[in-house]
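Asks: Required output: the full structure, derived from the provided sequences and hints.
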Amino acid sequence: MITTSLHRIRLANRADRKGILDFIRDYWNPDHIYLKSESLFDFDLVHGDKINFLLAFDQRDNIDGILGFIPYTAEYEESDVFSVLWMVKPRNGDPTLGISLLRALIEDMGFRSVSTVGANPKTLPIYEFLGYSTGQLRHHFILNDQLSSFSLIQPADNLPRAGSASKTGSALKEYSTYGELAHHFDPTSYRDRPPYKSPWYLERRYFRHPVYKYMVFHITRNGTDTNSIIVTRLVRKDNAAVLRMVDFIGEPADLEGIALPIRDLLRRNACEYLDFYQHGIANEILQKAGFLSKDDYPGLVIPNHFEPFDAKNIAIHFFTARQGDICLFKADGDQDRPNRSTW
Amino acid sequence: MDELNQLQEIFREVLGTDSLNIRAETTAADVPGWDSLNHIMVVVAIEKHFRIKFLAQEVRGWKNVGEICEAIRRKSAAK
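Protein sequences, first through last, are from chains A and B. Read in order, the letters of the first sequence are residues 1 to 343 in our numbering. Read in order, the letters of the second sequence are residues 1 to 79 in our numbering.
No lab work stands behind these hints: they were computed from the structure. You may find that some hints are simply not true.
[To be verified] Listed next, the in silico DSSO-like pairs over lysine-lysine satisfying Cα-Cα at most 30 Å (straight line):
(1) Lys63(B) <-> Lys122(A)
(2) Lys89(A) <-> Lys53(B)
(3) Lys122(A) <-> Lys53(B)
(4) Lys89(A) <-> Lys48(B)
(5) Lys89(A) <-> Lys63(B)
(6) Lys50(A) <-> Lys213(A)
(7) Lys122(A) <-> Lys48(B)
(8) Lys75(B) <-> Lys122(A)
(9) Lys122(A) <-> Lys312(A)
(10) Lys237(A) <-> Lys173(A)
[What the hints assert, rightly or not] Just the calculated beta-carbon pair ranges, DEER-fashion:
(11) Asn5(B) <-> Tyr27(A): 30 to 36 Å
(12) Ala162(A) <-> Gly33(B): 30 to 36 Å
(13) Asp192(A) <-> Lys53(B): 40 to 46 Å
(14) Ser149(A) <-> Gly33(B): 46 to 52 Å
(15) Glu13(B) <-> Ala253(A): 46 to 52 Å
(16) Lys312(A) <-> Glu47(B): 34 to 40 Å
(17) Glu47(B) <-> Lys167(A): 52 to 58 Å
(18) Ser5(A) <-> Asn5(B): 25 to 31 Å
(19) Gln6(B) <-> Pro121(A): 25 to 31 Å
(20) Lys53(B) <-> Tyr297(A): 37 to 43 Å
(21) Ala24(B) <-> Glu251(A): 55 to 61 Å
(22) Asn62(A) <-> Glu58(B): 26 to 32 Å
(23) Lys53(B) <-> Asp186(A): 43 to 49 Å
[To be verified] Here chain A is said to cover these stretches of chain B; the calculated rule only asks that three of the stretch's residues, wherever they fall, bring their Cβ under 8 Å from a Cβ of chain A:
(24) 33 to 44
(25) 50 to 61
(26) 67 to 76
Glycine included, every Cβ here is placed at the ideal spot set by N, Cα and C.
Replies: Have a look at this one:
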């Protein structure tokens, strides 16, 4: 429990569930997906007898501010977490209540690192004033080189059909259960590299998601296992489809040459392209992987929002309180979360 | 111009309201739009205008405009 002159801040428990949802309705968005699907709220944020929110209460016990978080290990202690849903009630009397919530999350919860993917660009000066790093994910893509026309990516004319992927003998093997994957991939060897995605997190997030079906691929080279995986999700729009590569866990060098098996995947699934938002992987590796960078093609539009579809480029901003290198991807935090309840 | 008047100009510029009048007793609850983001914007503008620097923890304890003026005076005197 943390107290300020006007508020006390504490971790939420199950008894706070209704208050949090009411706050989201009243001060965030009355059409928020968590109000339409409380089961999704529970999946994302209920954690045993706790709810992954810090709450700020006024002196009458009304909620004046919320800050959610998604931990990457089952235990809070030393977990790397991503913050979500940061909001305070207007004119609550303390203009720094939002900052107090953020500082409490970063300094008082015992987490190893706190980051956000999908930060509101208006909030970036706050993070920067507090001394944290901010930036923008870079957007990369691989086209289906057998298609002559595209409907979702635009304008597609004059785009090179393929980057210069190294020939590394890379292949992708899909696993439909975490148990099968675990025979070939050990995430615990990356424990010292934040954000560490534990087996608990990976199984829940990508194999037991209540709405999205993710395809998890293990990377092999010339028939030999690597200790790297990619996570993708197929998204359809009318008669077209794309693959979103939303996560990568492993050694970045294992991505080299991956465009070749990805193009096979695109052809098999009749997808126009695969796109990949990331921060932290060296350009040289991504080029050897065979990715093209959206930034190299002015005017190119690669949509990010499909629920509903919006044919616009979207910049994804991040902050991290970690001092040092960090790799971030679209599925970190709540950026790859369903946004409508019509599934 | 004393600190309060200069601070009023800063608040007006950050919040985009030319009619805003602040007093030493003014708190965030009295000023629409004085939220975390604008608080930081005000702090950054104060730092630039008065050529002083605040630590992150220093900008969290101010209860009203008068305390901000006092902090500016203390920092300026210590330069």
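Asks: Does each hint fit the structure? Answer for all of them.
Replies: Evaluation of the provided hints:
1. For the given pair, lysine 63(B) sits about 24 Å from lysine 122(A) by alpha-carbon distance, which is consistent with the 30 Å threshold.
2. Our distance criterion of 30 Å between C-alpha atoms is met by lysine 89(A) and lysine 53(B), whose separation comes to about 28 Å.
3. For the suggested pair lysine 122(A) and lysine 53(B), the alpha carbons sit about 22 Å apart, so the restraint of at most 30 Å is met.
4. For a cut-off of 30 Å, the pair hint linking lysine 89(A) to lysine 48(B) stands: about 29 Å separates their Cα positions.
5. Under the criterion of a C-alpha separation no larger than 30 Å, the hint pairing lysine 89(A) with lysine 63(B) is consistent with the structure, at around 17 Å.
6. Between the alpha carbons of lysine 50(A) and lysine 213(A) the distance comes to roughly 26 Å, so the proposed pair stays at or under 30 Å and holds.
7. Taking the CA atoms of lysine 122(A) and lysine 48(B), the gap is near 20 Å; set against the 30 Å cutoff, the hint holds.
8. Under the criterion of a C-alpha separation no larger than 30 Å, the hint pairing lysine 75(B) with lysine 122(A) is consistent with the structure, at around 28 Å.
9. Among the hinted pairs, lysine 122(A) with lysine 312(A) is consistent with the structure: their alpha-carbon atoms are about 19 Å apart, no more than 30 Å.
10. Distance restraint check for lysine 237(A) and lysine 173(A): the Cα-Cα separation of roughly 26 Å lies within the 30 Å cut-off, and the hinted pair is therefore satisfied.
11. A hinted range of 30 to 36 Å for the beta carbons of asparagine 5(B) and tyrosine 27(A) is consistent with their spacing of about 34 Å.
12. Against the hinted window of 30 to 36 Å, the Cβ-Cβ separation of alanine 162(A) and glycine 33(B) comes to about 51 Å, which falls outside the hint.
13. For the hinted restraint 40 to 46 Å between aspartate 192(A) and lysine 53(B), the CB-CB distance of approximately 35 Å leaves it violated.
14. Checking the proposed 46 to 52 Å range against serine 149(A) and glycine 33(B) shows it holds: the Cβ atoms sit about 49 Å from each other.
15. The given range of 46 to 52 Å is respected by glutamate 13(B) and alanine 253(A), whose C-beta atoms sit roughly 50 Å from each other.
16. Between lysine 312(A) and glutamate 47(B), the C-beta spacing of about 36 Å keeps the proposed range 34 to 40 Å intact.
17. About 54 Å separates the C-beta atoms of glutamate 47(B) and lysine 167(A), a value consistent with the hinted range of 52 to 58 Å.
18. The given range of 25 to 31 Å is respected by serine 5(A) and asparagine 5(B), whose C-beta atoms sit roughly 27 Å from each other.
19. The given range of 25 to 31 Å is respected by glutamine 6(B) and proline 121(A), whose C-beta atoms sit roughly 29 Å from each other.
20. In this structure the supplied range 37 to 43 Å holds for lysine 53(B) paired with tyrosine 297(A), their Cβ-Cβ distance being about 42 Å.
21. Judged by the Cβ atoms, the range 55 to 61 Å given for alanine 24(B) and glutamate 251(A) holds: they are separated by roughly 59 Å.
22. One distance hint, 26 to 32 Å for the beta-carbon pair asparagine 62(A) and glutamate 58(B), holds here, with the actual separation near 28 Å.
23. A hinted range of 43 to 49 Å holds for the C-beta pair lysine 53(B) and aspartate 186(A), which are about 47 Å apart.
24. Under a criterion of three residues with beta carbons nearer than 8 Å to beta carbons of chain A, the stated coverage of the segment 33 to 44 of chain B is upheld, 10 such residues being counted.
25. Evaluation of the coverage hint for the segment 50 to 61 of chain B: fulfilled, as 4 residues show C-beta separations to chain A shorter than 8 Å, against a requirement of three.
26. Under a criterion of three residues with beta carbons nearer than 8 Å to beta carbons of chain A, the stated coverage of the segment 67 to 76 of chain B fails, only 0 such residues being counted.
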